[in-house]
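*Asks:* Please build the complete structure, drawing on both the sequences and the hints.
Single-letter residue listing:
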Amino acid sequence: MSTQEIRFSGFGGQGIIRCALITGKALSLYDDKFATMTQAFGPEARGSACAAQLVVSDERVLYPYITHPGVLVALSQEAYDKYYGELPKGGILIVEEDLVKLRGEHPDLRLMRVPATRFAEELGNRLFTNLVALGFFTAVTNVVTADAMKKALPGLVPERFLKINVKAFDKGYEYGIQMNKNTRGEVL
Amino acid sequence: MKTVAADPKGVDSGPHFMDGDHALAEGALAAGCRFFAGYPITPSTETAERFAERAPEVGAMFIQMEDELASIAANIGAAWAGQKVMTVTCGPGFSLMTENLGLACMTETPMVIANVQRGGPSTGLPTLTAQQDMMQARYGPHGDNMIIALCPDSPQECFDLTVEAFNLSEFYRVPVIILTDETVGHMHEKVVIPPADQIKIVPRNNYSGPKEDCRPYKFDSKGGHPMVRAGDGYNFHITGLTHNEKGYPVMTAEQNVKVVTHLMEKINSNADDIIRLDEDQIDGADVVVVSYGITSRIAVKAIQDARKEGIKVGSLRLITIWPFCEKRIRELTGKVKAFVVPEINYGQMVKEVERCAGSHSKVISVNHCGGAVHDPAVILDAIRKANQ
Numbered sequence: 133m134s135t136q137e138i139r140f141s142g143f144g145g146q147g148i149i150r151c152a153l154i155t156g157k158a159l160s161l162y163d164d165k166f167a168t169m170t171q172a173f174g175p176e177a178r179g180s181a182c183a184a185q186l187v188v189s190d191e192r193v194l195y196p197y198i199t200h201p202g203v204l205v206a207l208s209q210e211a212y213d214k215y216y217g218e219l220p221k222g223g224i225l226i227v228e229e230d231l232v233k234l235r236g237e238h239p240d241l242r243l244m245r246v247p248a249t250r251f252a253e254e255l256g257n258r259l260f261t262n263l264v265a266l267g268f269f270t271a272v273t274n275v276v277t278a279d280a281m282k283k284a285l286p287g288l289v290p291e292r293f294l295k296i297n298v299k300a301f302d303k304g305y306e307y308g309i310q311m312n313k314n315t316r317g318e319v320l
Numbered sequence: 237m238k239t240v241a242a243d244p245k246g247v248d249s250g251p252h253f254m255d256g257d258h259a260l261a262e263g264a265l266a267a268g269c270r271f272f273a274g275y276p277i278t279p280s281t282e283t284a285e286r287f288a289e290r291a292p293e294v295g296a297m298f299i300q301m302e303d304e305l306a307s308i309a310a311n312i313g314a315a316w317a318g319q320k321v322m323t324v325t326c327g328p329g330f331s332l333m334t335e336n337l338g339l340a341c342m343t344e345t346p347m348v349i350a351n352v353q354r355g356g357p358s359t360g361l362p363t364l365t366a367q368q369d370m371m372q373a374r375y376g377p378h379g380d381n382m383i384i385a386l387c388p389d390s391p392q393e394c395f396d397l398t399v400e401a402f403n404l405s406e407f408y409r410v411p412v413i414i415l416t417d418e419t420v421g422h423m424h425e426k427v428v429i430p431p432a433d434q435i436k437i438v439p440r441n442n443y444s445g446p447k448e449d450c451r452p453y454k455f456d457s458k459g460g461h462p463m464v465r466a467g468d469g470y471n472f473h474i475t476g477l478t479h480n481e482k483g484y485p486v487m488t489a490e491q492n493v494k495v496v497t498h499l500m501e502k503i504n505s506n507a508d509d510i511i512r513l514d515e516d517q518i519d520g521a522d523v524v525v526v527s528y529g530i531t532s533r534i535a536v537k538a539i540q541d542a543r544k545e546g547i548k549v550g551s552l553r554l555i556t557i558w559p560f561c562e563k564r565i566r567e568l569t570g571k572v573k574a575f576v577v578p579e580i581n582y583g584q585m586v587k588e589v590e591r592c593a594g595s596h597s598k599v600i601s602v603n604h605c606g607g608a609v610h611d612p613a614v615i616l617d618a619i620r621k622a623n624q
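Sequences listed follow chains A and B, in order.
Numbering of the first sequence is given in this note's numbering, commencing with residue 133 and proceeding in unit increments.
Numbering of the second sequence is given in this note's numbering, commencing with residue 237 and proceeding in unit increments.
Keep in mind that the hints are not guaranteed to be accurate.
What the hints assert, rightly or not - Cross-link-like lysine-lysine pairs, in silico, DSS-like; alpha carbons within 27 Å at most: (1) A:Lys283 <-> B:Lys426; (2) A:Lys233 <-> A:Lys282; (3) A:Lys282 <-> B:Lys563; (4) B:Lys447 <-> B:Lys238; (5) B:Lys245 <-> A:Lys283; (6) B:Lys458 <-> B:Lys238; (7) A:Lys295 <-> B:Lys458; (8) A:Lys283 <-> A:Lys295; (9) B:Lys587 <-> B:Lys563; (10) B:Lys563 <-> B:Lys458; (11) B:Lys426 <-> B:Lys447; (12) A:Lys221 <-> B:Lys537; (13) B:Lys563 <-> B:Lys544.
Think of the hints as simulated: they come from the structure by calculation, not from any bench.
These numbers were taken from a predicted model, which means no experiment stands behind them.
*Replies:* Printed below as a string of C-alpha cells:
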C-alpha cells in the first residue's frame with residue numbers, strides 16, 4: 133500500500149467522526165503508518181449528513197484531502213447516495229445492511245454489507261453501531277490491524293464503556309472474517 | 237537565549253492523534269503559558285476549548301472575554317503581572333485585536349497570538365481555509381512596528397512552533413503571531429510531545445535589582461531585557477505614548493527615533509538568529525518554489541512531479557514568515573531562473589519575493605483565493621512555465 137483514501141459517512145450521532153479518529157490513531161500510533169484525517173466542517177455538517185476522511189500512506193501525507201477514495205463506509209442512505217458514485221472500479225463499499233437500500237448491484241465494486249445497528253442493539257445499545265462497523269471494516273480491508281484498533285480505543289471512547297465497545301468491535305470483526313471465508317477467504 | 241526545561245505539569249508527553257488547533261494549546265501549556273484570554277471564533281475555537289479543559293489540571297487560567305478587543309487587552313495586563321499569555325483567533329477577530337497589538341508592540345509586551353486563517357475579507361468564509369492575513373499580521377497596527385510570525389505546516393509544527401513562539405516572544409519582548417490556517421487547524425495527524433526535560437523554554441525574566449536602577453525598557457536592540465512585574469514594588473509606567481526607559485511619556489522627535497529604531501532593529505538586526513527556513517535541493521536549482529504553511533505540502537507534491545520531468549526545482553519553505561528572509565532570496569536571485577510562489581491569497585508574500593528578486597530572477601505568483609488548497613497540478617504548471 134502506498135496511499136489509500138477512506139471515507140466514513142453516515143448521519144450525525146452515529147459516531148462517524150469517531151470512526152475516523154480511532155482508525156487514524158490506530159494507524160499512525162500503532163501501525164507505523166502516516167494518517168491524515170479531515171472532516172466535513174461546513175454548515176452542512178450541522179444537518180444530518182456527516183463524513184470524515186482519512187488519507188493513509190507509508191510516507192508522509194502531503195495532500196490532506198481525499199481525491200480518489202478507495203474505501204467508502206456508508207452507514208446511512210443519504211451518505212450512500214451522496215458518495216458511492218465516487219468509488220472507482222474495484223473500490224470497497226461497506227454499507228449498513230438495514231439502513232441502506234442499494235441502487236443496483238454494483239458489480240464493479242466490492243460490496244460488503246453489515247447489519248451494524250442490529251448487532252449493536254443486540255449488545256444493548258445502538259450507540260455501539262460505529263464500533264461494530266469499524267470491526268467489520270478492519271476485517272474486510274487490509275488497511276489497519278485489529279490490534280492497533282483496540283489499542284486506539286482508550287481515550288476515544290468513555291472509559292466505563294471500553295469493554296462493551298471492544299465487544300462491539302469484535303462482533304463486527306468476526307462477522308467480517310466469516311464473510312471473508314464465505315467469499316473463499318478472499319481478503320479485499 | 238537562556239533556556240530551562242519545561243515544567244512537566246504543562247507537558248502532555250507522548251504520541252497523540254491530534255488536530256492543529258489542539259496542538260497550539262498543548263504547545264502553549266508546554267511553553268509555560270498559564271493565562272489565556274480569548275473569544276471563540278471558527279476555525280480557532282478548538283484551541284480555546286483545549287486550553288480551557290486543561291487549565292484546571294495545569295494550574296492555568298482561561299477567561300472567555302466579551303470580545304477580541306478585551307481578550308488581547310487582558311493578555312497585555314496578565315503579561316505585565318508576570319504571566320506568559322496567549323490568545324487565538326482568525327481574521328475578523330484579528331482585525332479587532334490589531335489596535336492593541338500595536339500597544340503590545342509599543343510596550344514590548346511578550347505574547348503569542350495564533351491566527352487560524354479562514355477566507356476573507358470581513359466574515360468571509362468561516363469554515364474554509366485561507367492564507368489571506370499574511371500582510372495584516374505584519375502591517376496591521378498603525379505606526380512603524382515589527383513583529384515575528386511563524387507558519388506551521390502540520391499539527392506537529394503547531395506544537396513545536398508554539399513553543400518556539402513563546403521563546404522568541406519572551407527574549408525579544410515582542411508579540412509573536414502564529415499564522416496557521418483552517419486546514420492545518422482542523423487536520424488530525426500524529427503529534428509527538430517530547431518529555432518535559434527535552435523541551436527548552438525561555439523563562440520569564442523579571443527584574444529584581446535595586447529600585448533606583450529599575451528600567452522596564454532599554455533601547456539597545458539586543459533582546460533579553462527583563463520585564464518588571466506589577467506588584468513587585470517597583471515604580472514604572474507602561475504607555476502607548478513614546479516613552480523613556482522608565483516607561484514615562486517623552487513626546488519628542490528625538491525620543492521617537494530611539495524607541496521606533498529599537499522596536500524595528502531588535503527584530504531586524506537579529507533576523508539571522510530568528511529566521512528558520514526549510515530548504516530542499518536548492519543548490520543548482522533552476523526554479524525555487526517559495527511556500528509556507530499548508531501550501532508548502534501541496535507544493536512538495538508538485539515539486540516531486542516536476543523533478544520526475546527532469547526540472548531542477550528546489551523548495552524554500554518559510555517557517556518564519558516575519559521577518560522576511562530577504563538575505564536568502566537575494567542570495568538566490570540571479571542564480572535561479574525563477575521563483576514560484578503559491579499561496580492561498582491574491583498574492584501577498586510574493587510581493588516580498590519580488591522586492592528582493594528585483595529584475596534578476598522571474599517571480600511567478602500562483603495565487604488562489606480562499607476556500608480550498610491548491611490543486612498540485614496548477615503549481616506544477618507554474619513550475620514548468622518558470623523553467624522555460
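*Asks:* Now look at each hint and say whether the structure bears it out.
*Replies:* A quick look at each hint next to the structure:
1. A:Lys283 <-> B:Lys426: Given pair Lys283 (chain A), Lys426 (chain B) holds - Cα atoms ~15 Å apart, limit 27 Å.
2. A:Lys233 <-> A:Lys282: violated, 31 Å
3. A:Lys282 <-> B:Lys563: violated, 51 Å
4. B:Lys447 <-> B:Lys238: Distance of about 24 Å is within 27 Å: holds.
5. B:Lys245 <-> A:Lys283: holds, 25 Å
6. B:Lys458 <-> B:Lys238: holds, 14 Å
7. A:Lys295 <-> B:Lys458: Not OK: Lys295 (chain A) and Lys458 (chain B) at ~59 Å, beyond 27 Å, violated.
8. A:Lys283 <-> A:Lys295: holds, 12 Å
9. B:Lys587 <-> B:Lys563: holds, 15 Å
10. B:Lys563 <-> B:Lys458: Roughly 20 Å separates the two Cα atoms, so the pair holds.
11. B:Lys426 <-> B:Lys447: Violated - the C-alpha atoms of Lys447 (chain B) and Lys426 (chain B) are around 49 Å apart, more than 27 Å.
12. A:Lys221 <-> B:Lys537: The hint holds at about 25 Å.
13. B:Lys563 <-> B:Lys544: Distance of about 30 Å is beyond 27 Å: violated.
Checked against the numbered hints above, the structure breaks hints 2, 3, 7, 11, 13 and satisfies the rest.
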